[in-house]
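Dock chain F against chain H, hints included.
Each protein sequence line maps, in turn, to chains H and F. So the first sequence is numbered by this note's numbering: it starts at 1 and just counts up by one. So the second sequence is numbered by this note's numbering: it starts at 1 and just counts up by one.
If you are wondering where the hints come from, they were derived from the structure by calculation, not from laboratory data. Given the structure is predicted, the values throughout are model-derived calculations rather than measurements. Treat each hint with caution, since some may be false.
Derived list of chain H stretches under chain F, where covered just means 3 residues or more per stretch with a C-beta under 8 Å from a C-beta of chain F [as the list claims (entries may be wrong)]: (1) 498–506; (2) 663–670; (3) 692–698; (4) 701–714; (5) 720–729.
All C-beta atoms, glycine included, are put in the ideal place defined by N, C-alpha and C.
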Amino acid sequence: MELADIGKTFRRLDYLTKVTGRAQYLADMNVPGMLHGKILRSPYPHARILRIDASKAEKVPGVMAVLTRDDILHDEGIEPFYGPVFKDQTIVATEKVRHVGDPVAAVAALTIDAAEAALKLIEVDYQELPAVLNIDQAIKPGAMLVHESVKLPTSGFADLAEIKPIDGTNLCTHFRLNRGDIDKGFAEADRIFEDTFTLPATQHCFLETHACIASVEPGGRITVWATTQNPFVVRTQLANIFKVPVAKVRVIVPYLGGGYGGKVYPKVEPITVALSQKAGRPVRLVLSREEVFYTITKHAAVIRMKTGVKNDGTLVARECEIHLDTGAYAEIGPRVAKKSGYTAAGPYKIPNLKIDSYSVYTNKPPAGAFRGFGVSQSAWAVESQMDIIAAALNIDPVELRKQNGYNEGDKFVTEETLRAIGLKECIDQVAKSIGWETRDEDREQNRSSIRRGKGLACMIKATITPSISCAVVKLNEDASLSIYSGTVEMGQGSETVLAQIAGKELGIPMPTIQVLGVDTDVVPYDLTTSSSRSTFHMGKAVQLAAQHIKRQLKEIVASEYGVPEDKIDFADGKIRLPESQLDYSEVMFKRFGMQGGTLVGEGQVKTSTKDEFGEKSTSAFWFLAAGAAEVEVDLDTGKFKLLKYASAVDVGKALNPLGCQQQLAGAAITGMGQAMFEEIAYDNGQLINPNLVDYVLPALGDMPAVIDSIAVEFPDRNGPFGAKGIGESALIPVAPAIANAIYDAVGVRIKDLPIKAEKIFVALADLDRQ
Amino acid sequence: MRKAITLTVNGRERGVEVEARTTLLDLVREQFGLTGAKLGCDIQVCGACTLLVDGKPVSACSMLAVDADGCAVETIEGLGSKDKLHPLQEAFMEFGALQCGYCTSGFILTAKALLAENPQPSDAQIRDYLAGNFCRCGCYQEIMQAVKNVVGES
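Same shape as in the complex, but just chain H:
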């Protein structure tokens, strides 16, 4: 059998069960005695609830429980308020509804039909309130408040402790970053550029909707099967809401049908548990496609960016104001705003900065994490404006980026030292892939009204820090390996990479390695499967756990065989002694005296706000990437076509090359959707396209002929075998790269996503008039 290795493509461990249709996702699962849950949702963007009467609904045959605010406000065993940063969410609405689709009540019944019939009989009297439906309305002085007050948690994320809502306003949080002397910086500038960029709310549209099965035992023991990316956060939140120790909450996570950030933090788990508790039976709740749009979105943003530049292209000052529409609940919006703020200077050295990044409450569905996490918003502005500057100063956009871009050892905006920074290699690679040097010739190859153009963009992003990943690896008596990890397999290939890492460390064949499913009763703590962190953090934890096993094997050999430890080596799954070699199973037999026993290896990774040199660290590692697009634009209609797209991502070390390609190309394709199609449309707070007909996703026919995914390797000293995270990187440059290519082709600058033919057409018409 072939030994596990790194830097080599292995068939993914989750594939056979998936291609045969046998993989069990949550909605495929049943639990004996299970009821079906349904949610009654608000029809209004903002309203006071005057009265709820569930008595008729309770009488529907088959209905076992109807949950309303009365159940959560008057139960000593329930803390009604929760949320990952602020406690501004409730299981069902209490005083007010704050967005269309806000849960008002829920039903558990023997059949879905009975549950739906009951929903229609719940009587709710609303008093409609004026609503704030966009950032402008929300930040106006005297605006209607989405939350009159917000409860703060007693303990929460260490890095968000200083962040609080601003009383009497809809400002959920305000993140500030000041550096150097902003006035002096602008005074030194030869040119000042001021632009406003906007982008709409979008939705993750994982094909698997959010779902949950919850079972509450009489003693209060809670078991949930959840579609979550962070089971341990869900465990903590459920423990807080239902006032039990975390040991009494068990969260089991099957394979997810996609996550992309939309399945972090509690979603449907609290309401399903509350229903199960009231009904005294297990309850399954599976959201409809429409309900997913009410559950979580990506932040719409307005970004005002003012940049001072020397005539030679040196960036000297930037003032940037970012407003992110976080919807009715903070969710993880405060951290999204922080990450947007940190990256408002992009991957560029700008000595003087004044950055203000706000998350803003509005009466819209909550916005939270989405692959790219605040940086796809800031990069849209940063990278578009870079090309505006390049054009005005007549500097090649590649050169302008390299001139100002970070090098190894430069200081980030937080004054910490950047290490393992493959930015310029990424820029060079995509420029080469797209044929940057023949840009001028290619542009001139005009066919009637069709013009060609090329554009590029880059990015820097941080991973959530501090954070924790713990892993356990068990060596079984037959030398097979069991890996216990809280990382959720949602399509990113984590099971396979973790097996490669442990198998490489111990010299074990892939087919003898099993990565166990996620169950918080079984696997040790992991903060979250998000922020492109799992390969780096959990991979390292698994590597440490495998090394722990090696140390134990060495000790056993030393004591049982009388060989000095310095004469014992490991190679290809064997223990090499001066005169002979031993199999792990032989050593196990020797240790336990029979065919049996287990060696348990533990690994813990804990990142902190200081690195090993005692220096400040806002990110355990940095992601760098570049993207380049070639487009064709029709001057007559504004219609454009993406011909080619190239991504280069600094992956540190490509552990599974095909897996890297999938992540890079997949992220780029998600970026194409955001750049060209996707937008949640509202009419007076009502979502008018919460379905996959009107909300357009990229399909096979929308793909450019070539998507080139290039892995650049600048190893990180702390990653397993030098690996970094890669899940988000390739998404972020896509939209500005395409906008820059369109400008290159026809000279119009689109500053509002998505980029659509009509926007180009209107801009071309404006250009003609000038």
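Chain F only, in chain H's frame:
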């Protein structure tokens, strides 16, 4: 209103009573326990629920079970055998044509129908035929490679 229907599922004849409004997807998932086909959009556009009915791909979320009376229905569970997978299943694994796997059953069945209709499709024909299936993880390039590889084999 319940109606008795007879259909062939993966080669085995099944008689079953269904509510007139039961979808084919609910029938195969809930009554036959074949959960490889998934509910994605519920309005016939995402392709996750694709099944083959008399060899043609249909969105089972939007087809009534009673309309499959007398038909031969094929699901992902019916592909290949215990010892040998279908070449499309092998190719999807080899080329990495899936990540989360939620769309996979729909893609493989749709591709199977394509190859039955047109054993030597061009790239453009493959793209057209698979245009009604979404892969949100973005494995489109790998899916094209996998399907083309199977075309090359036959």
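Going down the list of hints, with the structure as the test:
1. 498–506: violated (count 0)
2. 663–670: With 6 residues in contact (Cβ-Cβ under 8 Å with chain F), the coverage given for the region 663–670 of chain H holds.
3. 692–698: n = 4 at 8 Å, threshold three: holds.
4. 701–714: n = 3 at 8 Å, threshold three: holds.
5. 720–729: Contact hint for the region 720–729 of chain H vs chain F: violated, 0 residues under 8 Å.
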